[in-house]
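Asker: Here are the chains, one letter per residue:
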Amino acid sequence: MNGTITLPFFKADHREIMDIRDIISGIVCLFISVFVFTTSLRLGVGALHDPGPGFILFWASILLAICTCILFGISLLKRTEPVSRSNAWNGVDRRNAIIVMAALIAYCLVLPKFGYPISTFALMLVLFSLGRMKPWMIILGSLITVLLSYYLFDHLLQTPLPRGLLRF
Amino acid sequence: MDALSGLLYGLSVAVRPENLFLVFAGCFLGTLIGVLPGIGPVGAISILLPMTFQLAPTGAIIMLAGIYYGVMYGGSTTSILVNVPGETASVITCLDGYQMARQGRAGPALGIAAFGSFFAGTIGLVGLQLMANPLSRIALKFGPPEYFALIMLGFALITYLSYGSKLKACVMALLGLILSGVGLDPITSQERMTFGILNLFEGIGVAPLAMGLFGVAEVFNNLGALSSGNIVKVRITKLFPSKLDWLQAKWAMVRGTAIGFLLGILPGGGPVLATFVAYGVEKRVAKNPERFGKGAIEGVASPEAANNAAASTSFIPFLTLGIPPNVVLAVLLGAFMVHGIVPGPLLIKDHPDIFWGLVGSMYIGNVVLVILNLPLIPLWVQVLRVPGKILYPLVLLFCLVGAFSINNNVFDILVMIIFGIVGYLCRQNGYEGAPLILSFVLGPMFEVNFRRSLLMSQGSFSIFFTRPIALGAMIFSLGLAMFPIYKLLGKRFKGL
Chain F
1 MNGTITLPFF
11 KADHREIMDI
21 RDIISGIVCL
31 FISVFVFTTS
41 LRLGVGALHD
51 PGPGFILFWA
61 SILLAICTCI
71 LFGISLLKRT
81 EPVSRSNAWN
91 GVDRRNAIIV
101 MAALIAYCLV
111 LPKFGYPIST
121 FALMLVLFSL
131 GRMKPWMIIL
141 GSLITVLLSY
151 YLFDHLLQTP
161 LPRGLLRF
Chain S
169 MDALSGLLYG
179 LSVAVRPENL
189 FLVFAGCFLG
199 TLIGVLPGIG
209 PVGAISILLP
219 MTFQLAPTGA
229 IIMLAGIYYG
239 VMYGGSTTSI
249 LVNVPGETAS
259 VITCLDGYQM
269 ARQGRAGPAL
279 GIAAFGSFFA
289 GTIGLVGLQL
299 MANPLSRIAL
309 KFGPPEYFAL
319 IMLGFALITY
329 LSYGSKLKAC
339 VMALLGLILS
349 GVGLDPITSQ
359 ERMTFGILNL
369 FEGIGVAPLA
379 MGLFGVAEVF
389 NNLGALSSGN
399 IVKVRITKLF
409 PSKLDWLQAK
419 WAMVRGTAIG
429 FLLGILPGGG
439 PVLATFVAYG
449 VEKRVAKNPE
459 RFGKGAIEGV
469 ASPEAANNAA
479 ASTSFIPFLT
489 LGIPPNVVLA
499 VLLGAFMVHG
509 IVPGPLLIKD
519 HPDIFWGLVG
529 SMYIGNVVLV
539 ILNLPLIPLW
549 VQVLRVPGKI
559 LYPLVLLFCL
569 VGAFSINNNV
579 FDILVMIIFG
589 IVGYLCRQNG
599 YEGAPLILSF
609 VLGPMFEVNF
619 RRSLLMSQGS
629 FSIFFTRPIA
639 LGAMIFSLGL
649 AMFPIYKLLG
659 KRFKGL
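Going down the list, the sequences are from chains F and S. All residue numbers for the first sequence refer to this note's numbering, where the first residue is 1 and numbers rise by one. All residue numbers for the second sequence refer to this note's numbering, where the first residue is 169 and numbers rise by one.
I should point out that these hints are in silico values taken from the structure, not numbers from a laboratory. Note that the structure is predicted; figures quoted are calculated from it, not measured. We put the CB at the ideal spot given by N, CA and C, even for glycine. Honestly, I wouldn't trust all of these hints.
Stated by the list, open to error - In silico DSBU-like cross-links for lysine-lysine, where the CA-CA straight-line distance does not exceed 35 Å:
#, chain 1, residue 1, chain 2, residue 2
1, S, K334, S, K517
2, S, K557, S, K517
3, F, K134, F, K113
4, S, K309, S, K517
5, F, K113, S, K455
6, F, K134, S, K455
Claimed, not checked - What follows is a list of derived Cβ distance ranges for each label pair:
#, chain 1, residue 1, chain 2, residue 2, range
7, F, Q158, S, L623, 17 to 27 Å
8, F, F35, S, E370, 48 to 58 Å
9, S, V538, F, I27, 46 to 56 Å
10, S, I558, F, Q158, 43 to 53 Å
11, F, I62, S, M299, 32 to 42 Å
12, F, D50, S, V510, 43 to 53 Å
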């Protein structure tokens, strides 16, 4: 998938191409606007002389839906150059970003249980390994980072870092 | 307290040893972060904000202001040496600054940037000092309609002046407004979109949101495609511009200062816009405009002066009205509130030590930055040599600990990561984070003042159009909103 879709009912020489990113982001925004709209009705929009808790959310959701629909329309009508559009996803290595996101979420889950030193050591192992360094450098670098940061934040800056089950 | 006695009082606060140290630390850390490509002032303040939590409010705010200034200075170093802007306001400096470096004139480029910034920053501070008191007295007469109209103007400007799609900027601003509604309703205390999560009762924290949207998202961006600027392999010898350089640059500095001074005050303006306008003006008035883009010293002097003048004067509406005119100060507003300080018309009266101490420290900070920037250039060059695969994990770690230390709560780390993912996806899809964070910070004020205005007027919108200041701001906002449509229709009619 090169990140674009081709609409079949246009002629080949005037093929309209729509970036799939615009479609997905538009759908997400529409979903958010519908959710906020229904929430605002539940909260109570109130009247002009006495606006309720849902008043601003109500109008914000409507404007969001309108802007999203306009964006859809513009994306649909705008002619694009096939050569440049086919490179929509080139040059963007998302693999590392996805690994880091997963590692960070896992870090949030284990941090209260295992405490700062152990959790952070594991996280730094993952992060440094993405740089394709030698294994001993990764382990040593992670260890030094954890020790120095623990000293800096816990002792010098008095930040009460999570202790975890092992109480350190 | 008049301006001069206020300044003297402020200097007496700023020269206390602990505050002097914090000025120095803020400037140093801000410059260090500003030198790093991609992590701009918002990211820098977000990342370094937790360091100020243990400090007294006066000291914390002095340090934050130093960080803000330092980042502005630091950004120009990478622009000139590496052709990679340290932050958005330094983009323009790349055009001529890097060319000067390639011609073996990195020293004069860095020197003129530093001196120009010092000059313009000082002028901006004089403006802040003189205008703050009168503006505060006027602001005391503002009611909810005036505040609402000014915030509306801020929304309109930040959307209009965004660099990408205006419509996408509008979408982000609306999302920011919606996110600001999470928590308890400010008037009725009803729960809104908390999903039963206790941590959301007070709303989403501005610090983890900003750290995620700008700091963490930037790290994600650089993990996938590491920016690799080539450090200019020239020895940096003379740091002081020659007599000819001064002759060429002096009026450029003055013009840049004037442009930055005015644009910094406007909501939605700020350093970024000022640098672009200053460069454009300089090219227009130059006798040989073809020199621009090829190492014209005016192309460095003017944008850098505009940058720092705007950085100073943008504090005027921020401190006196409590309305942040740009996204950086929006984050700073959140930082102030974390320390229990509310900028606004009563700040000078209720907390003169904070206000005047801040002004005094900014004068000192301006001097510190000139002293720091010139001799420490070799150090900043070394920082640029640290590989991204080591640097960015460390930045990420700093963000994680910083987010945790806000409330000693892992939930804030989760919020930061979520918004880091959101910020990363937004960049991939052409959505800017600045409109979101600005409307998020202004959202509560926007809503409260809007609802209060309607309560006052019994539901009539005429209240926004019968009061002069509100009327002026509303007309300007509506004009800005209609202008893109007018341009589009104009193009269509021309084509017919």
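Asker: Next step is simple, just say for each hint if it's right about the structure.
Answerer: Verification of the supplied hints:
For the suggested pair K334 (chain S) and K517 (chain S), the alpha carbons sit about 40 Å apart, so the restraint of at most 35 Å is broken. As the CA atoms of K557 (chain S) and K517 (chain S) are separated by approximately 49 Å, the hinted pair breaks the 35 Å bound. Distance hint between K134 (chain F) and K113 (chain F) is fulfilled; the C-alpha atoms sit about 30 Å from each other, no more than 35 Å. Taken as a hint, the K309 (chain S) and K517 (chain S) pair is honoured in the structure, with Cα atoms around 15 Å apart against an allowance of 35 Å.
Taken as a hint, the K113 (chain F) and K455 (chain S) pair is broken in the structure, with Cα atoms around 68 Å apart against an allowance of 35 Å. Distance hint between K134 (chain F) and K455 (chain S) is unfulfilled; the C-alpha atoms sit about 57 Å from each other, more than 35 Å. Taking 17 to 27 Å as the suggested C-beta distance range, the pair Q158 (chain F) and L623 (chain S) does not conform, at roughly 45 Å. The beta-carbon spacing between F35 (chain F) and E370 (chain S), approximately 21 Å, falls outside the hinted interval of 48 to 58 Å.
Checked against the hint of 46 to 56 Å, the C-beta distance between V538 (chain S) and I27 (chain F) comes to roughly 52 Å, which is consistent with it. For I558 (chain S) and Q158 (chain F), the Cβ-Cβ distance of about 27 Å falls outside the hinted range of 43 to 53 Å, so the restraint is violated. Remark: the range hint 32 to 42 Å for I62 (chain F) to M299 (chain S) is upheld by a beta-carbon distance near 39 Å. Between D50 (chain F) and V510 (chain S) the Cβ separation comes to about 27 Å, which falls outside the hinted range of 43 to 53 Å.
Of the numbered hints stated above, those contradicted by the structure are hints 1, 2, 5, 6, 7, 8, 10, 12, listed in ascending order.
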